[in-house]
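Enquirer: The chain contents come next:
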Amino acid sequence: KQEVTQIPAALSVPEGENLVLNCSFTDSAIYNLQWFRQDPGKGLTSLLLIQSSQREQTSGRLNASLDKSSGRSTLYIAASQPGDSATYLCAVAHSNSGYALNFGKGTSLLVTP
Amino acid sequence: DTAVSQTPKYLVTQMGNDKSIKCEQNLGHDTMYWYKQDSKKFLKIMFSYNNKELIINETVPNRFSPKSPDKAHLNLHINSLELGDSAVYFCASSYLAGGDTQYFGPGTRLTVL
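Just so you know, the protein sequences line up as chains A and B, in that order. So for the first sequence, our numbering puts the first residue at 1; every next one is plus one. So for the second sequence, our numbering puts the first residue at 1; every next one is plus one.
I should point out that these hints are in silico values taken from the structure, not numbers from a laboratory. Errors might be hidden in some of the hints.
Said to hold, decoys possible - Each computed DSS-like pair below joins lysine-lysine, with the alpha-carbon atoms no more than 25 angstroms apart:
hint	chain 1	residue 1	chain 2	residue 2
1	B	52	B	19
2	B	19	A	1
3	B	52	A	105
4	A	42	B	22
5	B	71	B	52
6	B	41	B	71
7	B	67	B	9
8	B	41	B	52
9	A	68	B	52
10	A	105	A	1
11	A	1	B	9
12	B	19	B	36
13	A	105	B	40
14	B	71	A	1
15	A	42	B	40
16	B	71	A	105
17	B	41	A	42
18	B	71	B	44
19	B	36	B	9
20	B	44	A	42
21	A	1	A	68
22	B	44	A	105
23	B	22	A	1
24	B	19	A	42
25	B	67	B	19
26	B	52	B	36
27	A	105	B	67
28	B	67	B	36
29	B	71	B	40
Unchecked claim - To give an idea of the chain B side of the interface with chain A (calculated C-beta under 7 angstroms), a few residues:
hint	residue
30	10
31	48
32	55
33	104
Claimed, not checked - Quick look at which bits of chain B chain A covers, simulated, 3 or more residues with Cβ under 8 angstroms:
hint	segment
34	34–45
35	105–113
Values in this document were obtained by computation on a predicted structure and should not be read as measured data. The beta carbon of each residue, even a glycine, is placed where N, CA and C say it ideally should be.
This is chain A alone, in the form it adopts within the complex (with noise of 0.2 angstroms):
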């Protein structure tokens, strides 16, 4: 059974310093992996997702990395702002599940002015 964890689970920075948000899931066969940004009351909005042949994907200040092999993902935001304070959940998806999706319980960040 597929488990995610997501280190740390919460994270409070000052505007401006570059981070790295970690995943690890246990079954490396996966098919893909997503980062969500979830924002307090509100839905997910997807941030970045990786095929599993693929080694990262970038958009904007994003940069999200992928080792299959060893289980794990690093998201990384550069120069924080404030407007980046939200939970970040990873999730890996399956062939053999539907690709539904198995999340990890997410990293709060806060970016303090």
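Assemble chain B onto chain A, guided by the hints.
Expert: Only chain B this time, still in chain A's reference frame:
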């Protein structure tokens, strides 16, 4: 031009009642999902439909019955509501082939009193 919409946004009801949550997507996707986010913010898959056919049923109590009248709609009917059903329910959609990005609705916060 909302991509994935859910109604209602909030639902407060008494134990034992029956209620429904509706989901619609206008993205032309062929697969829709229901996820449950519990009080600890952990997201878990409940059901998935592909072209109106059930493809995932994650040992959810049979009080929960999804219905997909067409591939743009996936409704969730819950019978005999229990206190433990209180959660936020998210609908999502994607293209199944290739395990594409999943797009989430805003969520329905269900409170059972």
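Enquirer: Determine for every hint whether it applies to the structure shown.
Expert: Quick rundown of the hints versus the structure:
1. A hinted pair counts as satisfied when its Cα atoms are at most 25 angstroms apart, and residue 52/B with residue 19/B qualifies at roughly 21 angstroms.
2. The hinted pair formed by residue 19/B and residue 1/A fails the criterion: a straight-line CA distance of about 32 angstroms is larger than 25 angstroms.
3. Restraint check for residue 52/B and residue 105/A: the C-alpha separation of about 30 angstroms exceeds 25 angstroms, so the hint is violated.
4. With a C-alpha separation of about 17 angstroms, the suggested pairing of residue 42/A with residue 22/B holds against the 25 angstroms cut-off.
5. A C-alpha spacing of about 5 angstroms is found between residue 71/B and residue 52/B, which places the hinted pair at or below 25 angstroms, so the restraint holds.
6. Taking the CA atoms of residue 41/B and residue 71/B, the gap is near 28 angstroms; set against the 25 angstroms cutoff, the hint is violated.
7. Of the supplied pair hints, the one linking residue 67/B and residue 9/B holds, its CA atoms being roughly 19 angstroms apart against a limit of 25 angstroms.
8. Between the alpha carbons of residue 41/B and residue 52/B the distance comes to roughly 29 angstroms, so the proposed pair goes past 25 angstroms and is violated.
9. The suggested pairing of residue 68/A with residue 52/B is violated, with an alpha-carbon distance near 32 angstroms, which exceeds 25 angstroms.
10. The hinted pair formed by residue 105/A and residue 1/A meets the criterion: a straight-line CA distance of about 16 angstroms does not exceed 25 angstroms.
11. Under the criterion of a C-alpha separation no larger than 25 angstroms, the hint pairing residue 1/A with residue 9/B is inconsistent with the structure, at around 32 angstroms.
12. Of the pairs offered as hints, the one joining residue 19/B and residue 36/B holds, with about 15 angstroms between alpha carbons and a cut-off of 25 angstroms not exceeded.
13. Among the hinted pairs, residue 105/A with residue 40/B is consistent with the structure: their alpha-carbon atoms are about 8 angstroms apart, no more than 25 angstroms.
14. With a C-alpha separation of about 29 angstroms, the suggested pair residue 71/B and residue 1/A falls outside the 25 angstroms cut-off, and the hint is violated.
15. For the given pair, residue 42/A sits about 15 angstroms from residue 40/B by alpha-carbon distance, which is consistent with the 25 angstroms threshold.
16. Of the supplied pair hints, the one linking residue 71/B and residue 105/A is violated, its CA atoms being roughly 30 angstroms apart against a limit of 25 angstroms.
17. For the proposed pair residue 41/B and residue 42/A, the alpha carbon gap of about 12 angstroms is at most 25 angstroms, so the pair holds.
18. Between residue 71/B and residue 44/B the CA atoms are separated by roughly 22 angstroms; this keeps the pair inside 25 angstroms, and the hint holds.
19. For the hint pairing residue 36/B with residue 9/B, the CA-to-CA distance comes to about 14 angstroms; that is within 25 angstroms, so the pair holds.
20. For the given pair, residue 44/B sits about 16 angstroms from residue 42/A by alpha-carbon distance, which is consistent with the 25 angstroms threshold.
21. Our distance criterion of 25 angstroms between C-alpha atoms is met by residue 1/A and residue 68/A, whose separation comes to about 16 angstroms.
22. For the suggested pair residue 44/B and residue 105/A, the alpha carbons sit about 10 angstroms apart, so the restraint of at most 25 angstroms is met.
23. At roughly 30 angstroms between alpha-carbon atoms, residue 22/B and residue 1/A are farther apart than 25 angstroms, so this suggested pair is violated.
24. Using a Cα cut-off of 25 angstroms, the hinted pair residue 19/B and residue 42/A holds, with the two alpha carbons roughly 22 angstroms apart.
25. Proximity of residue 67/B to residue 19/B is assessed by CA-CA distance (about 13 angstroms); at most 25 angstroms being required, the pair is judged to hold.
26. For the suggested pair residue 52/B and residue 36/B, the alpha carbons sit about 20 angstroms apart, so the restraint of at most 25 angstroms is met.
27. This hinted pair does not check out: residue 105/A and residue 67/B have alpha carbons roughly 28 angstroms apart, beyond 25 angstroms.
28. Between the alpha carbons of residue 67/B and residue 36/B the distance comes to roughly 16 angstroms, so the proposed pair stays at or under 25 angstroms and holds.
29. Restraint check for residue 71/B and residue 40/B: the C-alpha separation of about 31 angstroms exceeds 25 angstroms, so the hint is violated.
30. Interface hint at residue 10/B: violated, since its Cβ lies 10 angstroms from the closest Cβ of chain A, which is beyond the 7 angstroms cut-off.
31. Hint status for residue 48/B relative to chain A: holds, with the closest Cβ pair at about 5 angstroms, below 7 angstroms.
32. Satisfaction of the interface hint for residue 55/B is found here, the shortest Cβ-Cβ separation to chain A being roughly 4 angstroms, below the 7 angstroms cut-off.
33. About 4 angstroms separates the beta-carbon of residue 104/B from the nearest beta-carbon of chain A, less than 7 angstroms, and the hint is met.
34. Residue count for the segment 34–45 of chain B with a Cβ under 8 angstroms from a Cβ of chain A: 7. That meets the three needed, and the coverage hint holds.
35. Only when three residues or more bring their CB closer than 8 angstroms to a CB of chain A does the claim for the segment 105–113 of chain B stand; here the count is 3, and the claim holds.
Hint compliance for this structure: hints 2, 3, 6, 8, 9, 11, 14, 16, 23, 27, 29 and 30 are broken, all remaining hints hold.
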